[in-house]
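Participant: Chain by chain, the residues:
Number of protein chains: 2
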Amino acid sequence: MGYSPPGVMGSHPRVLVVGAGFGGLNVTRGLARAAVRVTLVDRTNHHLFQPLLYQVATATLSPAQIATPVRSVLRRQKNAEVLLAEITGIDRAAREAVAGDRRLGFDYLVLATGAQHFYFGHEGWAEHAPGLKTIPDATQIRQKILSAFERAEMETDPARREALLHFVLVGGGPTGVEMAGAISELAHRALSRDFRRINPRSARITVVEAGPRCLGTFPETLSRRAERDLAELGVSVMTGAKVDRIDPSGVWIGERCLRAETVIWTAGVAASGAARWLGAETDRAGRARVGPDLSLPGDPRIFVIGDTATVSGIDGRPLPGTAPVAMQQGRYVAGVISRELEGAAARVPFRYRDKGNLATIGRRRAVADLGRVRLAGPLAWYAWVFVHIFYLIGFHNRILVMIEWAWAYLTFHRGARLILPRRE
Amino acid sequence: MGYSPPGVMGSHPRVLVVGAGFGGLNVTRGLARAAVRVTLVDRTNHHLFQPLLYQVATATLSPAQIATPVRSVLRRQKNAEVLLAEITGIDRAAREAVAGDRRLGFDYLVLATGAQHFYFGHEGWAEHAPGLKTIPDATQIRQKILSAFERAEMETDPARREALLHFVLVGGGPTGVEMAGAISELAHRALSRDFRRINPRSARITVVEAGPRCLGTFPETLSRRAERDLAELGVSVMTGAKVDRIDPSGVWIGERCLRAETVIWTAGVAASGAARWLGAETDRAGRARVGPDLSLPGDPRIFVIGDTATVSGIDGRPLPGTAPVAMQQGRYVAGVISRELEGAAARVPFRYRDKGNLATIGRRRAVADLGRVRLAGPLAWYAWVFVHIFYLIGFHNRILVMIEWAWAYLTFHRGARLILPRRE
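Each protein sequence line maps, in turn, to chains G and S. Numbered according to our numbering, the first sequence spans residues 1 to 424. Numbered according to our numbering, the second sequence spans residues 1 to 424.
Next up, chain G with everything else stripped away, as it sits in the complex (with noise of 0.2 Å):
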């Protein structure tokens, strides 16, 4: 069944987006004075600041919190429309984008729909170890955190209350960190006075990393510095800790198992399907290979951009899977064909400014690296609050989160502790 965009422009080229995270949104509002029509296309029907999502699932922040409704966003956009709808391939050859049995046209098609969990081909793990990407990942380690100190409340046996106080994050970049920090803070101050059987202060928190330091995309000194934060916090760094197995008694490293019932991955991720519809070359993380101006090779019309795509930087190594590279792409995708439909003949290649690196580790610690200005401590933390709440989409999110976090930080409480029933 055939569906186009609303026939107030029918003329114009139409320009599909897929994904409405930092990449998707930047193409779609890069576009607002193109003589284009847009459709964003989402299976959400919001923009996720995924930045912050670690604090939803450290019962911090309440997921609205962090989430705008794109048909907000884009209300006063008229040349753009937004669709709720799962894109399930792409017919490259009718120049159309199949969502179940619709079919979405397009002139220029920008895939931008992220990343997902990557278990390096062993996906059994999923289960016992979740991922953090989507609000429902979220809401469901939270739960997962917070039953199990409500199950060592009820425990008897040591051994498995022990089991039940543990907490191991899989991959020491920065949502590995973030997280440890947060569980520690959830544990040493938010619940300390909250049982009556169980000490939370004596919860055990691991942080297991296969390279020779956490924070490996950061300078060393910031890694060293990080890893002092975290010790000072109680949370173990396991570095140079191949996992080979992960079950429902914990994580295996070699013979040693470090028994634990919350198991949190973060540390692989591979590229949403997209370059697969497109049967593109891709890396081993399955990211789409693409020029220098982020379009198919061969395919000028067909960008892909954000944690789909993979392209080197100026040191000839792949961008990093971050919110500034995508916000960057996106815009650069909306200029190149904004230029195009104005006549320029040739595309400037796309080239990432990095404004650098930031990674908090806890209350008023964090790692910044800003090119030649490296930061740690208060310093660094005040700047990741600044940047956070200034890239957050909306007024309202910004206030909220403000308060939640003068809340977490004063009272050292935490906003949305919910266990919620099993439904029948």
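Note that these hints are calculated values from the structure, not bench results. This structure is a prediction, so every number in the text was calculated from the model and none was measured. Treat the hints loosely; a few may be bogus.
Since copy identity is lost for identical chains, a pair holds within one copy or between any two.
Claimed, not checked - Computed cross-link-like contacts, DSBU-like style, restricted to lysine-lysine with a CA-CA straight-line distance of at most 30 Å:
| no. | residue 1 | residue 2 |
| --- | --- | --- |
| 1 | K355 | K144 |
| 2 | K144 | K133 |
| 3 | K144 | K78 |
| 4 | K242 | K78 |
Here the structure of chain G is known, so what remains is to put chain S in place on it, guided by the hints.
Facilitator: This is chain S only, laid out in the frame that chain G set:
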């Protein structure tokens, strides 16, 4: 397996309270200074402020904003402990409650497990017309309402589009009326400019009430006022309309079908299974018949309160299933137990002090029945706002709910418009 409260006060009588709603929480807090060991059991970890649950279902509030962790509330009450568990039966002879393979002994038992939806024998209707009692109920209804607009935007068949934009509330009590007002404001204000193909203002909202008027527990003048307010918001109220069937096409009243994709059950509730566990005598809605001291006839150390029990007021009519009744009953039972342990011989019967009834119909519209004083309009609305903020537990939630209301009031937008992806 035996399980008993901490040994600090090992010789004090054990009071087991089942349910952390208004009733159970007030019993527990009322026993703070009594020489007892209290165990409060609930299958969730939070006290839910049910009167605002409909605002979660209509995308104004987030779940955590009306839920407070029970452990936080009772953190400083040293004679109380909290257990997250689901009670499945009571062994009256052994004086134990059954929770899976655990047994919780008691000297006094207070059952305050609330109510659930009741479809008057038509349990099959539940699938098409979900009710609103828990947070998962509310988020499911929110998803249903928001998805209806999204699906209408994609729909090309005019009849199906009309059914997608028709919202039917079965039951014209406070929940039905409050929800109808909220859905109307969602459609006519919050979403009005967000779509390109449909006009959300064309949405229809119908309240179906079997009795002669909506808000049947209010004085007739206030019912009429509420019906007028609803009409001004574009809500149709059908009174004297008995529902014969609810199926995928909509709500059938005799041969007439109200075609609607979204039907919400705001009519009958029945007590939870607690009366059955006791083998107690019940009324038609499954509520245990209790004596004037709210204890079970013949078993003075077992109390049943709130929506789980039925007891008559001074006028001989059964007390309504509202928060004030449950709260007063909770405090009363705590007093009875405390005084008995201090040596009091006789129990003074429970007496409900009716402070009035409030229902809001939308922005600056409400009705208030305060006995001799009856209010409608902005003044009643301010009273409603004040009372709901006042009784909400926790400074954190009060601040956040006030901000969400101010936001919704000033911008007409909604703070919690989330449609989540289905879990794979």
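Participant: Now tell me, hint by hint, if it's right for this structure.
Facilitator: Against the structure, the hints:
1. K355 - K144: neither (35 Å within a copy, 41 Å between copies)
2. K144 - K133: both (16 Å within a copy, 23 Å between copies)
3. K144 - K78: between (43 Å within a copy, 27 Å between copies)
4. K242 - K78: neither (52 Å within a copy, 45 Å between copies)
Hints 1 and 4 from the list above are not met by this structure, while the remaining hints are.
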